[in-house]
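Enquirer: Fit chain B to the supplied structure of chain A, relying on the hints for placement.
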Amino acid sequence: QQKVQQSPESLIVPEGAMTSLNCTFSDSASQYFAWYRQHSGKAPKALMSIFSNGEKEEGRFTIHLNKASLHFSLHIRDSQPSDSALYLCAVSGNTGYQNFYFGKGTSLTVIP
Amino acid sequence: NAGVIQTPRHKVTGKGQEATLWCEPISGHSAVFWYRQTIVQGLEFLTYFRNQAPIDDSGMPKERFSAQMPNQSHSTLKIQSTQPQDSAVYLCASSLGNYAEQFFGPGTRLTVL
Numbered sequence: 001q002q003k004v005q006q007s008p009e010s011l012i013v014p015e016g017a018m019t020s021l022n023c024t025f026s027d028s029a030s031q032y033f034a035w036y037r038q039h040s041g042k043a044p045k046a047l048m049s050i051f052s053n054g055e056k057e058e059g060r061f062t063i064h065l066n067k068a069s070l071h072f073s074l075h076i077r078d079s080q081p082s083d084s085a086l087y088l089c090a091v092s093g094n095t096g097y098q099n100f101y102f103g104k105g106t107s108l109t110v111i112p
Numbered sequence: 113n114a115g116v117i118q119t120p121r122h123k124v125t126g127k128g129q130e131a132t133l134w135c136e137p138i139s140g141h142s143a144v145f146w147y148r149q150t151i152v153q154g155l156e157f158l159t160y161f162r163n164q165a166p167i168d169d170s171g172m173p174k175e176r177f178s179a180q181m182p183n184q185s186h187s188t189l190k191i192q193s194t195q196p197q198d199s200a201v202y203l204c205a206s207s208l209g210n211y212a213e214q215f216f217g218p219g220t221r222l223t224v225l
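Chains as they are written, first to last, in this note's numbering: chain A, 1 to 112; chain B, 113 to 225.
I should point out that these hints are in silico values taken from the structure, not numbers from a laboratory.
For every residue, glycine included, the Cβ atom is placed at its ideal position computed from N, Cα and C.
Treat each hint with caution, since some may be false.
Simulated restraints on C-beta separations [to be verified]: (1) Ser178(B) x Met18(A): 41 to 51 Å; (2) Lys45(A) x Ile151(B): 37 to 47 Å; (3) His122(B) x Glu9(A): 22 to 32 Å; (4) Ser193(B) x Arg60(A): 40 to 50 Å; (5) Ile151(B) x Ser20(A): 21 to 31 Å; (6) Ser20(A) x Gly128(B): 39 to 49 Å; (7) Ser69(A) x His122(B): 41 to 51 Å; (8) Pro81(A) x Glu156(B): 28 to 38 Å; (9) Ala114(B) x Ser7(A): 33 to 43 Å; (10) Pro8(A) x Gln195(B): 31 to 41 Å; (11) Asp27(A) x Leu225(B): 38 to 48 Å; (12) Ser20(A) x Val152(B): 20 to 30 Å; (13) Ser69(A) x Pro120(B): 16 to 26 Å; (14) Gly209(B) x Asp27(A): 17 to 27 Å.
Heads up, incomplete: computed chain A residues facing chain B, CB under 10 Å, no partners named [unchecked claim]: (15) Gln1; (16) Phe102; (17) Gly103; (18) Lys104; (19) Ile111.
Bound-form chain A, shown alone (with noise of 0.2 Å):
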C-alpha cells in the first residue's frame, strides 16, 4: 500500500512570501498525483494535479514531480491570507485503481 507523508506539519508565513509544501511517497508505480486544499470546515477541493515527471505551473501555484526521488512538492508564490489552509498530498495506488492515498496534510497559514 501506498505511504505518503508531508512536511512540514504546520507553516506559518507572511503575505507575499514564496511558501514550498513537500510531499513523499512509497511507489514510483503511482501514475497521478495532486494536490488538494481544504479549509477549515470545508471538504477538500482539487489544486492541481500531474502525470508524469516534471513541472506544472498555474498561476501563483507551481508543483514538481520527481518519480525517481519519491517526492513530490507545492510551491505557492506571494501568498495570501485566503491561501490559508490544509493542503494534501493525494498519490494514486499503482494498481490501475483510481482510489488515492493522502498525506497527513501541512496547516499553512498566511499572516497579513
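Expert: Below, chain B without anything else, positioned relative to chain A:
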C-alpha cells in the same frame, strides 16, 4: 449542479449502535469513494465503487464496516456496533473516471459516545 450530497451532516450514536451514512454522487460520475478523516490519522481511504461495482475495499475495517451502491445515484456506508474510535468525519467523493479530479462532499461528522 449541487455537488456531492452527504446526509446526515452530523450523527451522534451511543457505543454499540448502528450508523448509516448516505452519499449522492454528482450525476454522471462513474466512481464513488469513501474516506475517513481524523486529526490523528488524517484522510484515510476506505472503499471505492466504479459503475456501482465494488472495486477496492482495502481500507475498510472488515468486521463492522460495509458499503453498498445499489444504484448510480447513491451509496451507503454502514457501521455496526459503533465504537468511540469510529468518531471521525466521513467523506464521500465522486469522479468522472480514471485519474480524474475527485469532488468531495461536505462530510458526515460521526460522534460515538
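Enquirer: Hint by hint, note whether the structure agrees.
Expert: Verification of the supplied hints:
1. Ser178(B) x Met18(A): 41 to 51 Å: holds (46 Å)
2. Lys45(A) x Ile151(B): 37 to 47 Å: Because 20 Å falls outside the window, the suggested range is violated.
3. His122(B) x Glu9(A): 22 to 32 Å: Because 27 Å falls inside the window, the suggested range holds.
4. Ser193(B) x Arg60(A): 40 to 50 Å: holds (48 Å)
5. Ile151(B) x Ser20(A): 21 to 31 Å: The hint (21 to 31 Å, Cβ to Cβ) holds, given that Ile151(B) and Ser20(A) are roughly 24 Å apart.
6. Ser20(A) x Gly128(B): 39 to 49 Å: holds (47 Å)
7. Ser69(A) x His122(B): 41 to 51 Å: holds (43 Å)
8. Pro81(A) x Glu156(B): 28 to 38 Å: holds (30 Å)
9. Ala114(B) x Ser7(A): 33 to 43 Å: Cβ of Ala114(B) to Cβ of Ser7(A): about 36 Å, so the range 33 to 43 Å holds.
10. Pro8(A) x Gln195(B): 31 to 41 Å: About 32 Å separates the Cβ atoms of Pro8(A) and Gln195(B), which means 31 to 41 Å holds.
11. Asp27(A) x Leu225(B): 38 to 48 Å: holds (39 Å)
12. Ser20(A) x Val152(B): 20 to 30 Å: holds (25 Å)
13. Ser69(A) x Pro120(B): 16 to 26 Å: violated (44 Å)
14. Gly209(B) x Asp27(A): 17 to 27 Å: holds (22 Å)
15. Gln1: Gln1(A) check passes; min Cβ-Cβ to chain B is 7 Å, inside 10 Å.
16. Phe102: Hint on Phe102(A): holds, closest Cβ of chain B at ~4 Å, below 10 Å.
17. Gly103: holds (7 Å)
18. Lys104: The hint holds - Lys104(A) has a Cβ within 10 Å of chain B, the shortest such distance being about 3 Å.
19. Ile111: violated (23 Å)
Hint compliance for this structure: hints 2, 13 and 19 are broken, all remaining hints hold.
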